[in-house]
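2 protein chains.
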Amino acid sequence: MVRADCPRQGREDGPECRLHIDPVYAPALDGIEQADRIEVLYWLHEARRDLLTQSPKANDVTRGTFSLRSPLRPNPIGSSIVKLVRRDGAVLTVRGLDCLDGTPLLDIKPVRCGYAVEAPAKPGISD
Amino acid sequence: MVRADCPRQGREDGPECRLHIDPVYAPALDGIEQADRIEVLYWLHEARRDLLTQSPKANDVTRGTFSLRSPLRPNPIGSSIVKLVRRDGAVLTVRGLDCLDGTPLLDIKPVRCGYAVEAPAKPGISD
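Chains C and D, in that order, give the protein sequences. Each position in the first sequence, counted from 1, maps to that position plus 754 in the working numbering. Each position in the second sequence, counted from 1, maps to that position plus 754 in the working numbering.
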């Protein structure tokens, strides 16, 4: 996928995507299968880092970068909660990711109750 | 707060915490007041980075680091969704944060519909 084709947000009914973890880290994935949803952090390596304000819809409305989830930000770290479809060794298949092929992976975390401060027991955020 | 006192997860009824943004980035906060909840990414600067598996409850149950939200991880980036209480210039007051005083801040994002792949319209995740 090239940047122009990249969706603004991932969708659960979107295509399956694969996260390739360096096999050195495979032991760190033990138990990940128990998570229905995982949080993926990744480095948006093609993003500009110099915009304090921006107009994401290319209209005249300009907002501060930290009030947007735009990929263009001082520390361009993407954060998505995706559906874990399966694990095959050091490869995770997920749905709902919205990043480019080749995007460097930074971290993977299970989504849990208590991750968010509000409504921890509701289905929107708990697993 | 020192590490031994640090809560395992933030709580909405916990103390107010302040995020100090470098004033250079203050324009990037414009519009953040519209968010009820924000996602905070921070660098867990005191965390070990060499554990592929760990036993967070100090019992005999060992799990892979990526199946846990432990702060000890190869790229020790913390991610919390917190309640935004108010903004005063380049200082944000929040509830629900669980990190140490002096923890370097990496990024701030609003919490929105579409951030998670499941149940985007439910109150647990939307703002």
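Careful: at least some of the hints might be erroneous.
Identical copies look the same in the list; a pair holds intra-copy or inter-copy alike.
[Unchecked claim] Listed next, the in silico SDA-like pairs over lysine to any residue satisfying Cα-Cα at most 25 Å (straight line):
1) K811 <-> L773
2) K811 <-> S824
3) K811 <-> V839
4) K811 <-> D842
5) K811 <-> G768
6) K811 <-> H774
These aren't lab readings, by the way, just hints derived from the structure by calculation.
Each hint tested on the structure:
1. K811 <-> L773: This pair counts as neither: shortest intra-copy Cα distance 29 Å, inter-copy 28 Å.
2. K811 <-> S824: Within. Shortest intra-copy distance 10 Å satisfies the 25 Å Cα cut-off; inter-copy 37 Å does not.
3. K811 <-> V839: This pair counts as neither: shortest intra-copy Cα distance 32 Å, inter-copy 28 Å.
4. K811 <-> D842: neither (39 Å within a copy, 27 Å between copies)
5. K811 <-> G768: within (22 Å within a copy, 37 Å between copies)
6. K811 <-> H774: This pair counts as neither: shortest intra-copy Cα distance 32 Å, inter-copy 29 Å.
This entry does not satisfy hints 1, 3, 4, 6, going by the numbered hints stated previously.
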